[in-house]
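*Asks:* Residues per chain are reported as follows:
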Amino acid sequence: MSTVSLDQFLQLRISRRCQYFIENNRLLALVYAQQFDRPLLENLFRLADAVRSLSETSDGRLFLRSLLPDRRAMLYFTQPSTRTFLSFAAACHILGMSTADVRDPATSSEVKGETRQDALRIFSIYHDLIIMRQPEAGFCEKIAFQMLSWPGRKPIINAGSGTDQHPTQALLDLYTLHRCFGRAGGLDHKKIMLVGDLKRGRTARSLAYLLTNYQGIELILAAPDELAMAEDIKQHLRENSTTFIETNDMHAHLAEIDAIYMTRIQDEWDQGSKTSIDYSRLGLQAKHLTALKPHCYILHPLPRRREIQTAIDSDPRAVYFDQAENGMWIRAALIAHMFAVDKDILEH
Amino acid sequence: MSTVSLDQFLQLRISRRCQYFIENNRLLALVYAQQFDRPLLENLFRLADAVRSLSETSDGRLFLRSLLPDRRAMLYFTQPSTRTFLSFAAACHILGMSTADVRDPATSSEVKGETRQDALRIFSIYHDLIIMRQPEAGFCEKIAFQMLSWPGRKPIINAGSGTDQHPTQALLDLYTLHRCFGRAGGLDHKKIMLVGDLKRGRTARSLAYLLTNYQGIELILAAPDELAMAEDIKQHLRENSTTFIETNDMHAHLAEIDAIYMTRIQDEWDQGSKTSIDYSRLGLQAKHLTALKPHCYILHPLPRRREIQTAIDSDPRAVYFDQAENGMWIRAALIAHMFAVDKDILEH
Amino acid sequence: MSTVSLDQFLQLRISRRCQYFIENNRLLALVYAQQFDRPLLENLFRLADAVRSLSETSDGRLFLRSLLPDRRAMLYFTQPSTRTFLSFAAACHILGMSTADVRDPATSSEVKGETRQDALRIFSIYHDLIIMRQPEAGFCEKIAFQMLSWPGRKPIINAGSGTDQHPTQALLDLYTLHRCFGRAGGLDHKKIMLVGDLKRGRTARSLAYLLTNYQGIELILAAPDELAMAEDIKQHLRENSTTFIETNDMHAHLAEIDAIYMTRIQDEWDQGSKTSIDYSRLGLQAKHLTALKPHCYILHPLPRRREIQTAIDSDPRAVYFDQAENGMWIRAALIAHMFAVDKDILEH
Numbered sequence: 001m002s003t004v005s006l007d008q009f010l011q012l013r014i015s016r017r018c019q020y021f022i023e024n025n026r027l028l029a030l031v032y033a034q035q036f037d038r039p040l041l042e043n044l045f046r047l048a049d050a051v052r053s054l055s056e057t058s059d060g061r062l063f064l065r066s067l068l069p070d071r072r073a074m075l076y077f078t079q080p081s082t083r084t085f086l087s088f089a090a091a092c093h094i095l096g097m098s099t100a101d102v103r104d105p106a107t108s109s110e111v112k113g114e115t116r117q118d119a120l121r122i123f124s125i126y127h128d129l130i131i132m133r134q135p136e137a138g139f140c141e142k143i144a145f146q147m148l149s150w151p152g153r154k155p156i157i158n159a160g161s162g163t164d165q166h167p168t169q170a171l172l173d174l175y176t177l178h179r180c181f182g183r184a185g186g187l188d189h190k191k192i193m194l195v196g197d198l199k200r201g202r203t204a205r206s207l208a209y210l211l212t213n214y215q216g217i218e219l220i221l222a223a224p225d226e227l228a229m230a231e232d233i234k235q236h237l238r239e240n241s242t243t244f245i246e247t248n249d250m251h252a253h254l255a256e257i258d259a260i261y262m263t264r265i266q267d268e269w270d271q272g273s274k275t276s277i278d279y280s281r282l283g284l285q286a287k288h289l290t291a292l293k294p295h296c297y298i299l300h301p302l303p304r305r306r307e308i309q310t311a312i313d314s315d316p317r318a319v320y321f322d323q324a325e326n327g328m329w330i331r332a333a334l335i336a337h338m339f340a341v342d343k344d345i346l347e348h
Numbered sequence: 001m002s003t004v005s006l007d008q009f010l011q012l013r014i015s016r017r018c019q020y021f022i023e024n025n026r027l028l029a030l031v032y033a034q035q036f037d038r039p040l041l042e043n044l045f046r047l048a049d050a051v052r053s054l055s056e057t058s059d060g061r062l063f064l065r066s067l068l069p070d071r072r073a074m075l076y077f078t079q080p081s082t083r084t085f086l087s088f089a090a091a092c093h094i095l096g097m098s099t100a101d102v103r104d105p106a107t108s109s110e111v112k113g114e115t116r117q118d119a120l121r122i123f124s125i126y127h128d129l130i131i132m133r134q135p136e137a138g139f140c141e142k143i144a145f146q147m148l149s150w151p152g153r154k155p156i157i158n159a160g161s162g163t164d165q166h167p168t169q170a171l172l173d174l175y176t177l178h179r180c181f182g183r184a185g186g187l188d189h190k191k192i193m194l195v196g197d198l199k200r201g202r203t204a205r206s207l208a209y210l211l212t213n214y215q216g217i218e219l220i221l222a223a224p225d226e227l228a229m230a231e232d233i234k235q236h237l238r239e240n241s242t243t244f245i246e247t248n249d250m251h252a253h254l255a256e257i258d259a260i261y262m263t264r265i266q267d268e269w270d271q272g273s274k275t276s277i278d279y280s281r282l283g284l285q286a287k288h289l290t291a292l293k294p295h296c297y298i299l300h301p302l303p304r305r306r307e308i309q310t311a312i313d314s315d316p317r318a319v320y321f322d323q324a325e326n327g328m329w330i331r332a333a334l335i336a337h338m339f340a341v342d343k344d345i346l347e348h
Numbered sequence: 001m002s003t004v005s006l007d008q009f010l011q012l013r014i015s016r017r018c019q020y021f022i023e024n025n026r027l028l029a030l031v032y033a034q035q036f037d038r039p040l041l042e043n044l045f046r047l048a049d050a051v052r053s054l055s056e057t058s059d060g061r062l063f064l065r066s067l068l069p070d071r072r073a074m075l076y077f078t079q080p081s082t083r084t085f086l087s088f089a090a091a092c093h094i095l096g097m098s099t100a101d102v103r104d105p106a107t108s109s110e111v112k113g114e115t116r117q118d119a120l121r122i123f124s125i126y127h128d129l130i131i132m133r134q135p136e137a138g139f140c141e142k143i144a145f146q147m148l149s150w151p152g153r154k155p156i157i158n159a160g161s162g163t164d165q166h167p168t169q170a171l172l173d174l175y176t177l178h179r180c181f182g183r184a185g186g187l188d189h190k191k192i193m194l195v196g197d198l199k200r201g202r203t204a205r206s207l208a209y210l211l212t213n214y215q216g217i218e219l220i221l222a223a224p225d226e227l228a229m230a231e232d233i234k235q236h237l238r239e240n241s242t243t244f245i246e247t248n249d250m251h252a253h254l255a256e257i258d259a260i261y262m263t264r265i266q267d268e269w270d271q272g273s274k275t276s277i278d279y280s281r282l283g284l285q286a287k288h289l290t291a292l293k294p295h296c297y298i299l300h301p302l303p304r305r306r307e308i309q310t311a312i313d314s315d316p317r318a319v320y321f322d323q324a325e326n327g328m329w330i331r332a333a334l335i336a337h338m339f340a341v342d343k344d345i346l347e348h
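Chains as they are written, first to last, in our numbering: chain W, 1 to 348; chain Z, 1 to 348; chain Y, 1 to 348.
These are computed hints drawn from the structure, not numbers from a lab. Just to be clear, a hint being listed does not mean it is correct.
Pairs involving identical chains hold if they fit within one copy or between any two copies, as the list cannot separate such chains.
To be verified - Straight-line alpha carbon distances no greater than 35 Å define the calculated DSBU-like cross-link-like pairs of lysine-lysine that follow:
id, residue 1, residue 2
1, Lys343, Lys287
2, Lys142, Lys293
3, Lys287, Lys142
4, Lys343, Lys234
5, Lys199, Lys343
6, Lys293, Lys343
Predicted model only: the values in this text are computed from it and were never measured.
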């Protein structure tokens, strides 16, 4: 691998780049949602279930904390995200890791003219794992590739790279669907509606992508024309024989779906340009609940604004707070996988 | 309890609201100083004494750290307070808890339009305890009530809510007095002078309130007229037969008191409006020490400014730095109580 | 010692001040690079080697973490430095200590008018060790002296005090040289060139100072005239019979040296005033590598800018990233020394 330069690496197709970050069926780095195939997903789901189950007792929690007490994780969050930060910190602490963090971009050593490569190389010397969230698309994969050549070959997890990738969010969304349908024959052959800003919302994009790992999924992509799912994802769905339809009337489809994945309108990207989108057509309200099947699950990556009325929170089909919890367990599972303590957990 | 709405709850008298946050003589949430009655205070004092005593040896410290190593606390400090933050962090670490924190209001997920209710619900999913300091009066009690209805019913501690409540400060002040008079027959029947901004200083207000749990206390409330103790507290003192007098000449009473509680002039609340208060009449200086009884203790919640000359620091009656230490022990005791490891500590 | 006032202490010569911070051959506080003599340096180097070696196995790491799990360190970094902060945090975590930190000067209690003395006294109550980095020269020594008189006599480590002192940086630089020459007869009698801003760069100043602990060192001080090493250090070199020459042509000496210590141009101190320094004459580039001896080590305290081309990073003689790693080990060793667990480590 060392014979390929960074520039050559970045020219490779995504499937080839993914191969650089896996060794003996174990992730060396998690950079892209595309790294998850169905066997890996199912391994991680099983592991997350075990972590959750162990966490129910004090003995189980102490066992988990005994797995990685001698390891130090760094949370490099120069793009703030309180929830993702705390979720990863909790995941580390569940496994007994100690953590250190950088959260303020302004305190970076970059003010002294140092490159971020130099800074991250040093951080990777001090720590056993880098968990990185920063605003620049493509930066995480560059660093992840370079880390393979630095002594120690420390692992890295992409906790969100701009508009680009947020693979653990996709992972927790899929894990939540997996759990919802656990007693209903699994996720295969389910009909799922994705709603909202499908163009810019990276969570919906990644989820649509990953759902092609399952059999017979039918997708309904509900968005205003301006925010429709981009062609690259639709092309991937077609290539993988995942059926989808597009609509801008989410409410017309409520009765037929097994799950609805609401997303936030990302209007912070609309810099100045006023849109004429009718947001009332993208919301789920208490009055719509009767239209849903008795077991139609309601997901949202959070934070939410007006897309889901708070009156829905107490409905048993609302699982968006479970998603947040699932995120913590699946992140702990991911770290356990990367540090090869997965067997210890499964065999306990 | 779940049959009462938040709005109904907020209409209840304080004594009724307190009942929501206690179950089987154990605090589910600490929101108000009014939650402390004498039996609870004495339990916590005994527990804090035990934590302090155990902390004197390495074995004792390791035992304490073995109590809650599988628990995670979140320090949600969107109103900065370095000392209170560090005191709680130390209290958590003494018991072996891991901690995560949010200290910068600007990094909050609120920037994406999320409500604080949603944010705190998620934080309570990731953690076993929320310790919250924020600037809005009344907010902590709302969240504490809502947390009772969320799955997990995670405990919360109010570490300061605006001008409103700061119950652990009141607790540590009382614990300090309790310790000072431990060998002098206890706190009952002592004469205590409170000095300074009694109108806005929530620490003096809470302390006066809690002192009604003791027998035969005599209070001297020393403040300029503009900063006199408010009527609500005086009414509470009268109802509980706690004697008090008011004065604006603290120095005239120095010879007769058993303890003096100095407070900081909160002039940061005087936005723009110049006051004509003569601060020299509110200060304790080295020259006043001879007027005090040989065992008259000098307290101050800190930070101090000019109210107490630094020359007084080395006087054995000055216990304001002990207060800071006591705060750490009593906070550890409070957390131990809430997590029901108090017996383990007392029986060790 | 208590008979000396702070003002009297500050009037003492540095060698006398150093004596206040050592007791039974153990540092009570590390404030000045001048506190390191050769026996102490060699003890710390041996200890750091042992910590590093133990860290190679999980058993060793767990042993190290078992040394100080009942101790709490405070990282008081009101002058931001991400790398130094993370290095110390890692050093604490290696030994099992828990950490709390203050990194934002604006969140300090100083906003309420409290003195920093009061604040630090309280922080020292909550913690077993203060690690302090702040921008004011001379402040750390004042606090360190005062801490000796406060109950608990908690230890303090200077992690950088303005332009003044950064003793652990000097320590790690020397430790790196010690390791580089470990198989080549040690550091005595080596020829070392220091390059760059020798006037303001405290790392080069401290290193030159400490090198007088070794026999037969020859120094080449390479700097533009405007940035030449100051007279105080040159006087110290003369008094200790350490040979040196001065030059502004670093490249003329590349072939004769055993190590080159590059430093960053500290032009952030040039407030407004444009200098006419020719930076190209202060850089090491790939084309210069052939001029160096096969075992001439290349050091840099980092962060670097243009002084060292990144193409040099992969040369085996480049040890500047090793310096960062060495810093973590030697800081752990220093803390282990201060907490008297050095024997446990050496005998394990």
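*Asks:* Now, for every hint given, state plainly whether the structure supports it.
*Replies:* Now the hints, each set against the structure:
| no. | hint | result |
| --- | --- | --- |
| 1 | Lys343 x Lys287 | neither (47 Å within a copy, 50 Å between copies) |
| 2 | Lys142 x Lys293 | between (45 Å within a copy, 34 Å between copies) |
| 3 | Lys287 x Lys142 | between (48 Å within a copy, 27 Å between copies) |
| 4 | Lys343 x Lys234 | neither (37 Å within a copy, 61 Å between copies) |
| 5 | Lys199 x Lys343 | neither (39 Å within a copy, 57 Å between copies) |
| 6 | Lys293 x Lys343 | neither (39 Å within a copy, 50 Å between copies) |
When the structure is compared with the earlier hints, violations turn up for hints 1, 4, 5 and 6 and for no others.
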